[in-house]
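Student: This is what each chain is made of:
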Amino acid sequence: MVYFLQQFINAVQLGSIYALVALGYSMVYGVLRFINFAHGDIFMVGALLAYMGAGFLLRLANQASLPGGLVFLGTMLFSMAGTTLIALTIEKVAYRPLRQYRLSVVITALGMGVLLEHLALVIVGPWRLSFPPLVSDHVYRFGGVSISTIQLLIIFVSLGLMILLEFLVQRTKQGIAMRAISYDRETLPLMGVSVNQIVSLTFAIASCLAAAGGLLYGHAYPIVEPYMGIMVGWKSFISAVVGGIGSIRGAVLGGFILGFVEIGAGAVFPSRMRDLISFVVLMTVLLIRPTGIYGVARRQKV
Amino acid sequence: MALAQKLKSHLASIPPLAYILGMLAAAVTERLAGEPLAVLLGLPSMPSLFGITLSQRSPLFLPASVAYDALMYVIPTYVVARLATPFVPRILERLTAGLLMPVYLLLVFALLQTWGGYHEYRILVLSLMGINVILAVSLNLVNGYMGEFSVGHAGFMGVGAYVASILTVLVFPRSLGQLTFPLALLAGGVMAALAGLLVAIPSFKIRGDYLAIITLAVNYIIKNGIENIEKIGGSRGFMGMAKLTNIPSAFMWSVLTLWLIRNFVLSPRGRAVVAIREDEIAAETMTVDTRYTKILGFCTSSFFAGIAGGLFAHLLLYINPSTFSLLKSTEVLVMVYLGGMASISGSLLGAVTFTLLLELLRPLEVWKWVLIPLLLVGMLLRRHAGLMGFREFSFLVPREEAESHGSASD
Amino acid sequence: MALLQISDLTHYFGGLRAVHDFDLTLNQGELIGLIGPNGAGKTTVFNLITGIYRPSEGSILLDGQSIIGLQPHRIAAQGVCRTFQTIRLFSNVSVLDNVKIAFYSQIQSTLLESLLRAGRSVQEDRAFGAEAMRLLALFGVDRYAHELARNLPYGEQRRVEIVRALATKPRLLLLDEPAAGMNPGEIDHLMDLIYYIRDQFKLTIFLIEHQMRLVMRTCERIKVMDFGATIAEGCPDEVRNDQRVLKAYLGEEVEA
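Residue numbers (my numbering), protein chains in the order written: chain B, 1 to 302; chain D, 1 to 410; chain P, 1 to 256.
Just so you know, these hints were derived from the structure itself, not from any lab. No residue lacks a Cβ here, since even glycine has one placed at the ideal position from N, Cα and C. Treat the hints with care, as some may be off.
Distance windows between CB atoms, simulated [to be verified]:
| id | chain 1 | residue 1 | chain 2 | residue 2 | range |
| --- | --- | --- | --- | --- | --- |
| 1 | D | Leu356 | B | Pro222 | 38 to 44 Å |
| 2 | D | Ala97 | P | Thr110 | 52 to 58 Å |
| 3 | D | Phe87 | P | Thr86 | 54 to 60 Å |
| 4 | D | Tyr292 | B | Arg102 | 43 to 49 Å |
| 5 | P | Arg120 | D | Gln56 | 51 to 57 Å |
| 6 | D | Leu11 | P | Gly155 | 46 to 52 Å |
| 7 | P | Tyr154 | D | Gln56 | 54 to 60 Å |
| 8 | D | Tyr292 | P | Arg240 | 44 to 50 Å |
| 9 | D | Thr96 | B | Thr89 | 56 to 62 Å |
| 10 | P | Leu111 | D | Pro44 | 50 to 56 Å |
| 11 | D | Glu120 | P | Leu111 | 37 to 43 Å |
| 12 | P | Gly119 | D | Glu120 | 42 to 48 Å |
Derived list of chain P stretches under chain D, where covered just means 3 residues or more per stretch with a C-beta under 8 Å from a C-beta of chain D [stated by the list, open to error]:
| id | stretch |
| --- | --- |
| 13 | 86-98 |
| 14 | 114-126 |
| 15 | 156-170 |
Here chain B stands alone, though its shape is the one from the complex (with noise of 0.2 Å):
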């Protein structure tokens, strides 16, 4: 029972970090109907300004005797600025010009993932890097099962930012906006509402939720290094795809269920397996029902 509740609550945690990527997946998806392969790698990237962030902010801290609490938002907030000021650059010059050729910017997404990963081997060098601990860990008990604050913190964070995004897309003109183009992207500029614009915020939304997953992850797992977007991104994207992508509840579920699929399996199979469970877990739901759990499937007229 102790050992359920405690894998019940790992599951948690590292589902609200896949969710958390996932829902940039799926966002961007919804509004333009493309896979952004590149978006595991904006992941990476996110946590790696994280890591500079805090080295900086940390010490401007012990200068100045600043709360805790203040340096993990400022990081978070630098984290978000520079991840979403690269992902717009990456949409801009070279997603934007190749829209209408899908199969053209499909590649160029996975170029771009690639390109991610490379430039970062180049600037920081071939760096495992570790994570410096942001919050001070307490771990609190409650009959045999442990929960630290790391892990409150990765997951009221993450569920604070889901509940802001819900608010954002159903509340506001913008999200509204969101919504309508993945229904009918022709019409909504007729409606006075710019594409672009709309596009290009879908895509800094996804990518201040990535750098937020990035700098959540690099708290839980504090090892950073330039090739840990591709393991999250994929789990992360399959989290999008079994919840239906182009749905954002589909995503947090997915997000979860990827969650507890992995730690489950890992409880049983060897740790070895874990992956290639996961990718199982994708064909067969694919294969089972493509559009996944909360996706619209898109009937064809004959």
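Once you have looked at the hints, place chains D and P on chain B.
Tutor: Okay, now just chains D and P, sitting in the frame of chain B:
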């Protein structure tokens, strides 16, 4: 400039056959006088690849390399080509239509073997080029002609690599080496073709983005699957292969692949593949068996990827699962897109260019993979279907079609 | 025996009943029309006959054999071919190749022969090419043979679509709104064309149309659908004056 125009038209007036003979002569000369000339020019040794690597090592070698290239390649080629030009029409007359292509191929092979056969590095580059040609053409069959988006080609390559290697190392007697090599390659190809079913069958109901995801998943499942099989080394890799891949075998297999796939796309069943790309439902209604055609397309594609994998394994003599990851698949995608969609000439061009590019950029190491995506994007922005998208070199178009309407220039 | 025998054909899309108890008997050589307001289920009937959808209920017999559950290409190979409401040519392929593709079911050479370009495969391909050119010439579009299909003017594209369908050597030809987008002159020409192909190629023709001129003047029998059900059937004069048909198209009179 008028001068440039004149030069261009003068060079264009020399027939390709003459150029090939010229290059052959240059290659022979290099075998005899290459090393001494290099030393004379102050180079540490004969440049392996036109002096590109040497110049990157030290810029001081650049002028000497250029001089070497001019004296050893450009001048002999031009001179012999000019001398041979008047004889070319007579030679061509003597050859019947059926002999034309084989003669060209023989000469090109002689050229490659003469130029590269005695130099380890050149053998490596030319063999890799052949392997890449096979990979690019086979992927183009699915991505270009059938209009699907397969992103997991490396997985099939891996299947072929491992199956062929296991056979030559653990099953076939070592001494029979070259004799059993084709068998091992074919076995690898067949297994890869079977693996292709993992993508072909889902493709009956699933298209587009979702199928792309499945191809990715299959790539990873194959890769992860191999990692989990300890008996063949798991993630540590597999080795022990003999160096059975060389210029003759790489050349032969790539020519075979080009020829077979070219024949296929020109045939009625090949046209059915294109029909699926354009409009699957209309194709079905016009009697095309789309399921069979999809299986044919995917499995043929992965079959040749498997052959390429087998050749690859017996060139590098060490393979491990991480070789056959998304990065490798991306490399092949770049070759296909660079060269041009639905174009055999394009895949040939793309593979050759890309292999040379990789060698050119080798000293840059990590920067290589920063530049290549940028080049790819740059290229796609100019021509979104690639260099030779939907077009072919004239020597690949069958006579009847060429006569009735024009084809792309050589 | 009737060429095509449809009984109690019913089809649902989820909870929506698109076709309801559709019956039809087609004999060899007939020219039958299917009309009705938009959304009446006409194209769905075509899709059911050609195997694109599997009917929820009912039977479809071709020469007395059921064709339900067969793959569309098998049905097409048995001689049932169609054109589409929106032109569905293979856009990035030449007109000639568009037609050559339709010879698929007539391929005799083996895969191996194709791969080696040996044996029968080259001759067969040439034969297909020659036959395709002949058909294109009959319809006056042979000059476009090497042009990409998408470059052709609309009317010519429609003709190529018909040529392509004829290449499958059909016995039953289903034409889905062949006159869509045509002006009156072109429609007259189309009517002649339809008679011509029916006689020259010994076809049975079943067509969906909105252009009343075409339907009333060419079809021997007409079926009228509305909301998935057959509301009238008979020769043109009967249908023209049928109350239910008028109501379906023009609506009901509102009491003053």
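Student: Hint by hint, which ones does the structure fall short of?
Tutor: 2 and 4
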